[in-house]
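Novice: What follows is the residue order along each chain.
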Amino acid sequence: MMHAFESLQLVQSGIAQLAYPSEMSNSVLAPYLFVSAAMFAIGLVGFLTRKNMIIMFLCTELMFQAAGLALIAFGRHHLGADGQTFVIFVLCVAAAEAAMALALVVLLFRHRESLSASAWKELNG
Amino acid sequence: MMTSSLLSGFTSFTNTIASPATLSDSSGGHGGAADHLVEMVSHIGTGPKWVLLIVFLPLVGFVLNAIYAAIGNKSKLPAWTTIALLAVAFVTTLTMFLQYEGTPYTVHAFDWLNLHYGEKSFVANFSFYVDKLTILWMLFVTGLATLIALYASEYMSHDIGTGYCRFYAAFGLFVFSMSCLVMGDNLLMLYLGWEGVGLCSYLLIGYFYKKPSAVAAAKKAFIVNRIGDLGLALGVYLTFVHFGTVEYAALFQNETLHSYINAAAIGDFSHIPAEAQWIALFLMVGAFGKSAQFPLYVWLPDAMEGPTPVSALIHAATMVTAGVYLIARFYPIFLVSEHALPIVAWIGTITALLAATIGMAQFDIKRIMAYSTVSQLGYMFAALGVLSTTGAAFHVLTHAFFKALLFLACGAVMHGFAGQLDLRKLSGVSWMKGWGIVGVTMLVGCMNLAGLPYITSGFYSKDMILAEAFITPGYRVIGWILVVTAILTAYYTFRVYFRVFLGPQHAEPGDEHSDHDDDHSHSEDHHHDAGQHGDHHSDHFHPHAPGWAVNTVLIILAACSMLAISLAYIDKAEHHGWVGSMVAESTASFHSPYAEEAHHAHVEHTTAHAVAGPVGTLAPSTVFGMDAHTALILISGFGAIFGVLAAAYFHGPKGWQGLFIGGRTEADKCRMDGVAKRMGPIPRLAENKWFVDEIYAMIFVKPLRVISHIFHWIDKLLLDGIVNLFGFLPRVFAWIIRPSQSGVLQGYAVSMAGGLVILLFVVIVVVMRSGGAA
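Residue numbers (my numbering), protein chains in the order written: chain A, 1 to 125; chain B, 126 to 899.
One thing to keep in mind: the hints can contain errors.
[Stated by the list, open to error] With beta-carbon atoms standing in for the labels, derived distance ranges:
#1 A:ALA119 - B:PHE858: 48 to 56 Å
#2 B:GLY852 - A:LEU102: 25 to 33 Å
#3 A:ARG112 - B:TRP838: 21 to 29 Å
#4 A:ASN124 - B:VAL831: 49 to 57 Å
[As the list claims (entries may be wrong)] On the chain A side, residues computed to face chain B include the following (Cβ under 10 Å):
#5 ARG50
#6 LYS51
#7 ILE55
[As the list claims (entries may be wrong)] Sample of chain A residues with no beta-carbon within 10 Å of chain B, all distances over it, derived:
#8 PRO31
#9 LEU33
#10 THR49
#11 MET56
#12 LEU62
#13 HIS77
#14 LEU79
These are calculated hints, taken from the structure and not from any lab test.
Please read all numbers here as calculations on a predicted model, not as lab measurements.
Note that the Cβ used here is the ideal one computed from N, Cα and C, for glycine as well.
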């Protein structure tokens, strides 16, 4: 009986420990932000340098996820649910946006038989 | 006072004459001068509803003809429909005349405008006022409309299937409008009819709308009439403002108006407000426009571009007398205006003389008749001005018959000779086969217009006007001018007759069937072959003699012209003839004390009575020691004969046809040619209408055109410039920043990233600074 009761208490304390974690220290937070910044930079550079529209789109996705990662990291850091909730929204929007964007890319390809963004240079002012 | 300052030019003669209404009522014992009017309108009854038929039957004709036009009728059905409806309207008018019991009445059709606000109200219903003046006018309007519709059924027969329905639709609408004008029981109905006849006049002058001159004439008539109509509109407005009503019954029962009339009768205009005096002046302008008086007469001669039946009905017999009707109907209003009637008298006289001089030098017979119409309308206005509403109404009536007759006879000639109207190219028409009736009836018309003594009705009506002009103090100059005009009238009338209808037979056809769609000639059979037209003209031209409809109408009108003589003798002792008895039982009734006096002198050969005028006691007028009526019968009678003899001498053919004094043997040569050469520029000036049109063009049209061009450029440069500037500025701005839209996707991304970097940099710097500060 006693054993069973103690083990239950242990489980309960473990759950409690999971449900109410302590704040993340800055040193733990930093690597997450570093990865996020790296992903964003890779995405940005990719977007600026590549002309293939699908690649460019993937780069924007990369920047999205970088921002999402930073949000989750900060959310964990501050022990708030806002950041994570927000990322769920971002993922939803990103999914819808991916469908739209890829459809647009397909249509643009049909017009020019090319995926290059420079094929649409005549849309200037 | 406003009027006297504006019209100071007239004071020189208004001082010397008895101003029109400065008359003591010598008809004796009635007290106030307004009594007759009060008696006239004091018990206005309600009339029978069938009177409405007169107005609405022509409207039915209009609607039916419009339907015929829509379904493309190609027969004479429109003509017969119109004739039948108008005949019923005429019979109804005749019944209205015979059943009239001496008191005016109104007939209500339906409520039109019925506005009440506070104490005041504005009522103008679609209802009709019938007194003897209405009946007089409606009798000849509906009667002549019926006859002329019959004439037109033949005259317009070349247009069957094209314009026939349109012609009769406008014809019906015209009679409807004219009935509204004459019969309406308020000024707004009169205005409605006034504009309606103007519209129909426009439509019918422009009937041959493919002919540029017809279109121009229609526009001219419409625009010139606008000027007059503005005056009428202001008059109606001012009537309402001053008297608070536009209904005849209420207006003529108005106590204020009665007090004005009584004041005017003793020559005291100082207590009549200027506003009330201006009403007559504004209405007068309207009358001048519609009745083609100087300076607004210029549209009427051009209106002859319309089909001849239209010229006869609208531009000679009925519509143009609307101005006379207006002044006669509102005679009480005119009497209370110090200057209105003298102006009417002088304008009428000037118009009569001016138009007669122009008519003498024209070669187009229809134009001559047009100018004679203007001239005779001048007589009517002069009659109104010299206090003879009876003379004016009588002359309207006789003129309606003989001028319609003259126009229709000229129209028959025009119809038969392929549009030829030049009197130099026609001669001896009376002697051609089938033209006898036209020749005889034309002679009757010419005698009436010339006013040959005793045997013509035109003589009696004109003589009445001339006598009144001599009788009324201060108007003797007008009388003499009108006598001279009467001589000129006789001359130019018989100039046409001697040249076109008498003498050696000669006819050059007009050019109507080659270049106009107004095809009155007999030439359908040549129509397919335009190349041979010239040959057909000279070798095979046969005049197209008038048929039974034209001849019947001409005979009826000639008979009416002659029978009208009897009107001068009916009721002569009491009212100066039948027309006088009609006018006496209407609002136009006015007993000129001068005329009464002269009448007594004429009847009793006594000068016992004297009339007290503002410039002392005036003896009854005498001319050359005789009383005015006797003297004028002699003067105008001999004047007319002199005019005819002059025409015979200068234009008459050799032999008995030229009364043994003529010497013309060819169509285009006469004694006048030589005389005209010696008269310098005068004949040419008169032929060119004294360049009045050109002077108007110089004074009014050109400056207006210059001003409109100036405003056009102000609009174009200044106003459009400002608007365009606001449109231009964004374009300049866009032009500056447009290169930033390169179309290179990476370019945009770089600028976005660059912007982000700058933003971050700024944020970091600010944060560092504040962090540093903290």
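Novice: Hint by hint, note whether the structure agrees.
Specialist: Going down the list of hints, with the structure as the test:
no., hint, verdict
1, A:ALA119 - B:PHE858: 48 to 56 Å, "violated, 30 Å"
2, B:GLY852 - A:LEU102: 25 to 33 Å, "violated, 42 Å"
3, A:ARG112 - B:TRP838: 21 to 29 Å, "violated, 52 Å"
4, A:ASN124 - B:VAL831: 49 to 57 Å, "holds, 51 Å"
5, ARG50, "holds, 9 Å"
6, LYS51, "holds, 7 Å"
7, ILE55, "violated, 12 Å"
8, PRO31, "holds, 21 Å"
9, LEU33, "holds, 15 Å"
10, THR49, "violated, 8 Å"
11, MET56, "violated, 7 Å"
12, LEU62, "holds, 14 Å"
13, HIS77, "holds, 19 Å"
14, LEU79, "holds, 24 Å"
Hint violations for this structure: numbers 1, 2, 3, 7, 10 and 11, all remaining hints satisfied.
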